[in-house]
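My request is simple: use the sequences and hints to build the entire structure.
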Amino acid sequence: MYRYDEFDAHFVSARVDQFRDQVQRRLAGDLTEDQFKPLRLMNGVYLQLHAYMLRIAIPYGTLNARQMRRLAHVARTYDRGYGHFTTRQNIQFNWPRLKDIPDILSQLAEVEMHAIQTSGNCIRNVTADHFSGAAADEILDPRPYAEILRQWSSLHPEFSYLPRKFKIAVTGAPHDRAAVQVHDIGLQAVRDADGNVGFRVFVGGGLGRTPMVGRLVREFLPEADLLAYSEAILRVYNRYGRRDNKYKARIKILVHETGLEELKADIEAEFAEIRDGVLTLPASEIERITAYFAPPAFDVAVGDEAVLEAAIAADPQLEAFAARNVHPHRAPGYASLTISLKPIGKAPGDATAEQMEVVADLAERYGHDEIRVSHEQNLVLPHVRRRDIPAIHAALAEAGLAEANAGLVTDIIACPGLDYCALATARSIPVAQRISERFASPERQREIGDLKIKISGCINACGHHHVGHIGILGVEKKGEEYYQITLGGSADENTSVGEIIGRGFSYDEVVDAIEKVVDTYVGLRETPQEDFLAAYRRVGDQPFKEALYGTA
Amino acid sequence: MKALTANRLIDGEVVWLGRSGTWVETLAGAWLLETPEAVAEAEAAGAEAEAARLIVEPYLIDLTREDGEIQPVRFREKIRAKGPTVRLDLGKQARREVSAA
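Note that the protein sequences, when read in sequence, are chains A and B. Numbers given in the numbering used here equal positions in the first sequence, counted from 1, plus 50. Numbers given in the numbering used here equal positions in the second sequence, counted from 1, plus 2.
Please keep in mind that the hints were generated in silico from the structure rather than gathered at the bench.
Capping the alpha-carbon separation at 20 Å, the derived lysine to aspartate or glutamate pairs in EDC-like fashion look like this:
#, chain 1, residue 1, chain 2, residue 2
1, A, LYS149, B, GLU27
2, A, LYS527, B, GLU79
3, A, LYS87, B, ASP13
4, A, LYS528, B, GLU79
5, A, LYS215, A, GLU307
6, B, LYS94, B, GLU71
7, A, LYS314, A, ASP326
Rendered as C-alpha cells:
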C-alpha cells in the first residue's frame, strides 16, 4: 500500500498542529463558532446529537494492521470502545471530546492517517473496489489511480470551496463493486484493443434528495489525461455549479439543468485548454505509484484446496462461511475474505476495539498485512491463502465476526440515523437490527439468496437506499417515524434508482412489510437463481403492491 | 412548556439550561420555561453562555408532561436526552442506571 513520503508526513503533521491551534483559539474565544465550524469540518469534526463525531479517512478503504490497531486504541482511549465503518469506506467515532481531537489526530498521523477530505465542500476521500488488486475479474488495480487522485485533490487550492461536496469512485473490474455510477465522477479502468490503460468516465451520479445515475462522458480517457480531465470537470463544476441553493448544488443538478451535450462540450473545451500541460501524468509517475501497490509475493503451494475442502466437510459453519464470505482471487490458492460487520441483530458497520485488534492480528498473520473497508460496511482481508481460511474462520467466530451473510438479506447497509445523526429524521440502525433478526435463520437467508437492503434515516441517503434492491427511507411524519420502501435499485454496472412502491410504513410495521416483499419475490421467481432485481425487472411492481396494500 | 438546550463546547455533551442558570447534564434539572418572559430570559442566558464559550448553538425545545414526568415532545430530543436507543449502555440513560444502582 501507499507509504507517506517526507512531504506527506510533514503535511499531515503540520495540519494537526494547525488544528490544535484552531481548537485552542476556539476554546480561548479567539474564534466564534461560525468561524470555527468550517475549520473543524475540514478536519472531519462534526457536532452530532450526543457529542462531536470524528470521521477519519481511509483512502480507497485500504489500511494495514498497525493502522487498525491505532483505530482500536483511539476507540478505547478517547471514545466508547467502538467505531462505525461508513458507506464511504471511512470510520467514525461517535463520542470524542473536542479538546481531545488534536491528540487523536496526532496519534493517527503517526500511522499515516488523518481526517482531511472527510467533510466540507471539497473533493472527498476517493473510494474504490474493496477487492482491488485481488479480484479474479479485475482488469486493472484501481488503487494507484485512486492514490494519484488523492494526491491531486488533497487540499487542492482551487477546489477547496466548491459549490458542494464532490465524490470520486474508481473501479478496475467490469463488475462494479464501487458504485461508480452514483458518484460525482465515476471511473472504470479499462484497456483498449492495444492494451493501453484508460477510463470510462461517468459524471453527475449521486443519491441524496435527487438521485441520479451518472452519465457517460468519455468512453476511453487515456490514463495520462486522468488529472487534466478531472480538473476540467471540476473547473466546469466550480464555475457553473449552483451556489444559491445547497440542495441544487451538486454536479448532478448541473448535468441535469445544463444538458449532457452542452456540459460535455464545456468540459472538453476546458480540457483542451489544459491538456498536455503540467497535469499530464508521466508514465514514470504512474509506475512509481503503482509500485506501492505491487501484489504481495503469493505463495502457491499444492494441496491447499484439499486442506480447505476437508475442513469444510467437517464443519457446516465453515461451509456456510466459505460459500458466502469467500471471493475468487486472481492468484491460485488465494481468496479474498469478507468479515461481516453485520452479526444478526447488531448495528451494521460497528466494530469494537477488540474486534479491530482481532482483524489486525489476522491480517498480519494470514493476510499480507492488508485490510479493506467496503462501502457495504464490512471489512475485507483481500489476500488470504485458502488453506488458512479454517483458522481465520475460527478466530473470527471467537470474536463474533464469522457471520456467513455477505451479500445476503441480513448484510444490510444502514446509516447511523436518528440514534446519532443531527440530520436524521428517523432511526435506521434498529430497523436494520429487527430485519436482521427476522431473517436470522441461515437456511432462510440462503434460500432467499443475494439481496441488498439499504436503509437511510433521512433524505440525504447516506444509507444508499435509492440503490438498494430493497431501499428503506426513514422520514418524520407528524412527529412519528415513517418508512418509505423503494424497490429495484442497484449500484453495480447496471445501476438503477429504486422506485417508491406506495405509502410508507410505521416503525412497527416496516419489518413485516419488508418480509412481505421478500416472500413475494421468493414466491414469484422463476428459478432460485433469478435474483431479486431480475425478478423485479421482469414482473414490475404490481405483485409487490398487491402483497403490501391488497388489490383494492 | 419549553427548555433551552445546547451542546457543551469543550466536549459536545448535551446540556440544558438549569434553574440556577448553570448548564445541567440531565433533562430533569432543566429550567422549565412556562412564560414568554422566562423564555426571553433563558435565551439571553443562552446567548451569554455562547459568548462565554460554554455552549454551542442553543435552541428551545418543547416539553410535555407524560405520566408525571417531563418529556421532550420531539423524538429527536428524547434521544438526545437519553442516548442512542440501540445502545442503552451509552449516553445519559447509562449514567442514570449507574447512579440508581
